[in-house]
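Based on the provided sequences and hints, a complete structural model is requested.
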Amino acid sequence: MYSTEEKYIIATGSLATVIVAFLLNAAPVALPSIAKSFAMNNILQNWVDTIYLLSIAVFSIPCGKICQKYGLNKILKVGIIFFLIGTLGTALSLNASMLLLFRVVLGIGSALLNVSSIALIVEAMPNEKKGPALGIAVAAVYIGIALSPILGGSLIFNFGWQSLFIATIPVILLNYYLSNKIKKEWIHYDNNKFDINGTILYSVGIVLFIYGFTRILEFTGQILTIIGIILLVIFGIWELNSSNPIFEMKLFKNIRFAAANLACLFSYFATFMITYVYNYHLQYIMGMNSQTAGLYLIITPAIMVLMSILSGYLIKKIKGEYLTGTGLIILAVAFILLCTLSNTTPLEIILIAMTLHGIGYGLFSSPNTVLITTSVPEEETSKASASLSAMRLIGQTVSLGIFTTVFAIIMSNVVIEPKYYALLIESCHLISILAVIFVVIGAIISFLGLKGIKD
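With positions in the sequence shown counted from 1, the corresponding number in this note's numbering is that position plus 13.
Since the hints were made in silico from the structure, they are not lab data.
A portion of the hints provided could be inaccurate.
Result set (DMTMM-like, lysine to aspartate or glutamate): computed pairs, CA atoms no more than 25 Å apart in a straight line [claimed, not checked]:
no., residue 1, residue 2
1, Lys206, Glu392
2, Lys82, Glu19
3, Lys90, Glu392
Written out as structure tokens, the structure reads:
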């Protein structure tokens with residue numbers, strides 16, 4: 014079905030998404046050990062992850078333009094090198110400052126890989142192969158997520174937190190080897206100057222917004238969030254009027270592109286915080302240890318892997334909006350089940366919700382990625398991929414902020430222990446209700462994307 018060159022492209026792009034997803038989801042497990050090694054206080058400890066996510070956010074949108082200007086294959090290789098340096102440097106860090114520096118490098122590498130890997134697959138594959146190829150790449154993300162709690166936790170527990178990063182290095186080197194097997198380059202020559210003003214507006218705006226939202230309960234966080242939003246609005250206006258924008262805002266005039274991006278955003282609003290609901294209920298309410306809970310938590314990403322591959326083939330026969338909208342409706346059913354959680358809820362109910370979650374999001378994710386990256390002109394593919402990366406990160410950040418806010422309002426600042434379990438359940442109920450609302454809105458937006466189909 015695929016030529017040798019196409020197989021290398023799919024393998025390279027998919028492996029890149031695996032290593033990014035694995036370290037992104039496994040690294041938080043290492044935070045307590047990292048903090049202990051460098052005697053970090055809780056604020057500095059939080060910055061280990063925050064500075065990494067901010068780096069991805071800052072570089073995702075400019076990376077779309079960089080890929081377009083210098084070539085997808087070349088930028089993918091540069092991303093692998095940055096990722097390797099960041100991973101090795103993190104493992105060998107001698108102090109907190111050195112660690113944070115290499116987390117920035119790792120974030121830059123992650124942004125470059127996130128954008129270039131998907132864009133490369135889209136541009137390299139003929140139309141009839143795009144859906145299945147992207148299905149494999151999206152499935153690879155969930156393989157990385159599924160591996161992170163067990164493999165990552167096991168490495169940290171048995172060999173120390175450094176082993177998490179060292180064990181990833183052979184896979185990174187394999188990724189670089191595979192990338193060198195790709196001989197062709199995809200580049201859209203552009204002799205115009207880089208949009209520095211737009212880059213600064215976006216970078217400062219997204220940093221203030223994301224950092225502010227992580228501290229949304231504080232007055233300072235609220236001010237920073239508002240300033241960030243204002244700067245991002247100014248960025249949008251600037252880009253609309255720029256002759257050489259770093260991100261083509263006019264792409265959002267395309268109904269299918271706009272709908273798919275917004276659906277992606279609302280899906281992350283909902284799903285990211287629901288993973289915490291599963292974890293908290295299994296460990297606190299049901300009394301499972303982290304290892305047992307981790308085994309159950311694999312269910313959702315494992316099903317997503319299978320469904321992502323399947324939906325990648327289905328989009329060849331069914332309009333993407335029908336698949337994404339249906340997937341989000343299935344998610345709504347899963348989250349409605351979570352609205353009924355109590356201290357007597359049978360484990361089977363949670364497992365059904367996890368299963369529906371995997372089916373629904375697996376049905377949504379691959380087709381939505383196809384819609385975002387193929388509903389624009391081919392020369393704009395890298396920018397569309399950058400938009401997808403930005404939507405994912407903003408959605409996750411806002412979701413975590415909502416989760417924190419709900420817990421703070423209902424439970425206040427308390428240690429979670431048995432006497433507060435009733436409040437914990439109440440918090441999870443409200444989060445589940447909000448998640449249902451978000452995915453229903455996302456489903457409506459997905460179906461609206463059908464209006465953008467040209468007869």
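Item to check | In rising order, the numbers of the hints this structure does not comply with | outcome: none
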